[in-house]
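Chemist: The lines below spell out each chain.
Protein chains: 2
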Amino acid sequence: MLTVCLPGTGGFMPLVDRWLTCCWIEYQGHAILIDCGEGTQLALKEAGLHLSRLDMVLITHFHADHVAGLAGMLLSLGNTGRGEDQPLMIAGPPGLCKIIPALLVIAPLPYPVHLAELSPGDSLPGYGDLSITCTALKHRIPCYGYRVDLKRRPVFSPEKADALSVPKPFWKKLHGGETVQLPDGRTICPDQVIERPRAPISVSYCTDTLPIPEIAEFAKGVDLMIAEGMYGDDSMAEKVAEKRHSLYSQSARLAKEAGAKRLWLTHFSPAMQDPEEHLEAARAIFSNTEAGKDGMKTELEGED
Amino acid sequence: MLTVCLPGTGGFMPLVDRWLTCCWIEYQGHAILIDCGEGTQLALKEAGLHLSRLDMVLITHFHADHVAGLAGMLLSLGNTGRGEDQPLMIAGPPGLCKIIPALLVIAPLPYPVHLAELSPGDSLPGYGDLSITCTALKHRIPCYGYRVDLKRRPVFSPEKADALSVPKPFWKKLHGGETVQLPDGRTICPDQVIERPRAPISVSYCTDTLPIPEIAEFAKGVDLMIAEGMYGDDSMAEKVAEKRHSLYSQSARLAKEAGAKRLWLTHFSPAMQDPEEHLEAARAIFSNTEAGKDGMKTELEGED
Chain A
433 MLTVCLPGTG GFMPLVDRWL TCCWIEYQGH AILIDCGEGT QLALKEAGLH LSRLDMVLIT
493 HFHADHVAGL AGMLLSLGNT GRGEDQPLMI AGPPGLCKII PALLVIAPLP YPVHLAELSP
553 GDSLPGYGDL SITCTALKHR IPCYGYRVDL KRRPVFSPEK ADALSVPKPF WKKLHGGETV
613 QLPDGRTICP DQVIERPRAP ISVSYCTDTL PIPEIAEFAK GVDLMIAEGM YGDDSMAEKV
673 AEKRHSLYSQ SARLAKEAGA KRLWLTHFSP AMQDPEEHLE AARAIFSNTE AGKDGMKTEL
733 EGED
Chain B
433 MLTVCLPGTG GFMPLVDRWL TCCWIEYQGH AILIDCGEGT QLALKEAGLH LSRLDMVLIT
493 HFHADHVAGL AGMLLSLGNT GRGEDQPLMI AGPPGLCKII PALLVIAPLP YPVHLAELSP
553 GDSLPGYGDL SITCTALKHR IPCYGYRVDL KRRPVFSPEK ADALSVPKPF WKKLHGGETV
613 QLPDGRTICP DQVIERPRAP ISVSYCTDTL PIPEIAEFAK GVDLMIAEGM YGDDSMAEKV
673 AEKRHSLYSQ SARLAKEAGA KRLWLTHFSP AMQDPEEHLE AARAIFSNTE AGKDGMKTEL
733 EGED
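Same order as they appear, the protein sequences are chains A and B. When we follow my numbering, the leftmost residue of the first sequence carries the number 433, and every step to the right adds one. When we follow my numbering, the leftmost residue of the second sequence carries the number 433, and every step to the right adds one.
Isolated chain A, as found in the complex (with noise of 0.2 Å):
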């Protein structure tokens, strides 16, 4: 199962009523947050989410309102215990190497900060079965787009098992992935006792972009597609494309695409106060879709 949530959902400027956009993504106690604008460490606290568990932070892009918030997070971070054998990983586009310890120069902390600069289609192993992989997105500079998915095991068959008279020892290890021997001198793959595979469970996050076709592609099934809605009035499309964001429309129309199950709109602009006023239209697209709100948060169990 794997915690979603969206501590904040506004972009460009934090505001006295929305946060800025991040989002944080927990499994068994380890989490990974992306992006932390400024005040993204109050927005995790009245989220009632825990920092202690922040194992990752990934940076979708250098802009402020992606990032400005790193320092006094990670020095709040420092204030909860951790120490030298905590490293934190940061990962994002090039440049991350020289700008993330620009921004630390004021924050010395007591646990070590391992970099990582990722190339588009990069992927990156997260605590357990979780995988992180990245995509380029468009937007007026290098900016990416992270998905992270939890591979699950796949549905084990007892009547398959039985059939072929495996003692009830040997079923963990055949459902976890292993060949076993049998005392009586036969081998068995997994295989051979494996009803069908599940897809992971899988969420995507894709802001700040146009709405470029490869977004539905590298989203492709998601149970949470997460996509930017910095406007929902189409008649903004001009102003939208110029600053290299996105529509509701236009997400939900990769939503769609991706066949994703929901599509959640985030980094609205500080210019619309209710994000709820054009949802109907891009339901009118794809159904399945919300306007966040900061402190949303959902648990994605998958299919079956």
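Take these hints with a grain of salt, some might be off.
Mimicking DMTMM-like on lysine to aspartate or glutamate, the simulated pairs with C-alpha atoms at most 25 Å apart in a straight line are [stated by the list, open to error]:
#  : chain 1 : residue 1 : chain 2 : residue 2
1  : B       : Lys530    : A       : Glu549
2  : A       : Lys605    : A       : Asp616
3  : B       : Lys477    : A       : Asp487
4  : A       : Lys671    : B       : Glu516
5  : B       : Lys477    : A       : Asp449
6  : A       : Lys477    : A       : Asp487
7  : A       : Lys570    : A       : Asp449
8  : A       : Lys725    : B       : Glu478
9  : B       : Lys477    : A       : Glu722
10 : A       : Lys583    : A       : Glu627
11 : B       : Lys583    : B       : Asp554
Hints were generated in silico from the structure; no laboratory data involved.
Assemble chain B onto chain A, guided by the hints.
Modeler: Then chain B, alone, in the frame of chain A:
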């Protein structure tokens, strides 16, 4: 008249109900901000202050809780329409010319930023009749206190002017400090028509620091002394000294010694939930002591 506001009063990290310590000093629509931690741009907004009026930022020292909000705030200042012809001055301790550009690497600005590294005792001109001086405090890293003085015209004596038969059209110039020559050939100096000088309107801001005696000297006779109160409870003395901060009682003693008219305490520890709690003990030392509150504001009129 000088407007002084404490948009935030917390130390170390922003809290959901307490912004980080900073100070706004405004005169005739031109403002100086001292310190800019994470969230200060929101603190200003909540306090009803107009970011567009900002002329100068003074930094006490380069710990994140005093400077990490700079990039975000300066970007928002850019959104107020500030352009090429409206430079912003940022001044502070040595290191500023390296650290500020590092922090602003994520913040491309549409207006020029002028940087000034100050030495202890330096003076800077502010808008109009404002002058700013700095002093070295005693913290873990180089840290400055600031004092802002608004020079005031002396009290004019119409009686003396009449006694000398100075025609009224010359009064304003004389009051402004100009020597004039009358139509009858006489030369009149300002001193001849002045009743008495008036003390400047003044405010001092000293945090984070041990309670060194130099602070009392620096803040001599100020209308408002703003000083550190990390804790109110004197039993915290050892911890506070070790971290090179100050207690309520220590700042109250400095205010008494300085002959300040009022004292505002600020930079409270996040562990201190109610800054009013130990106020009486501080008032026993210096009666005109107040615990800062986010958004606390006063108009300093000066005497007479």
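Chemist: Among the hints numbered above, which are violated by the structure, and what are their numbers in rising order?
Modeler: 3, 7, 9
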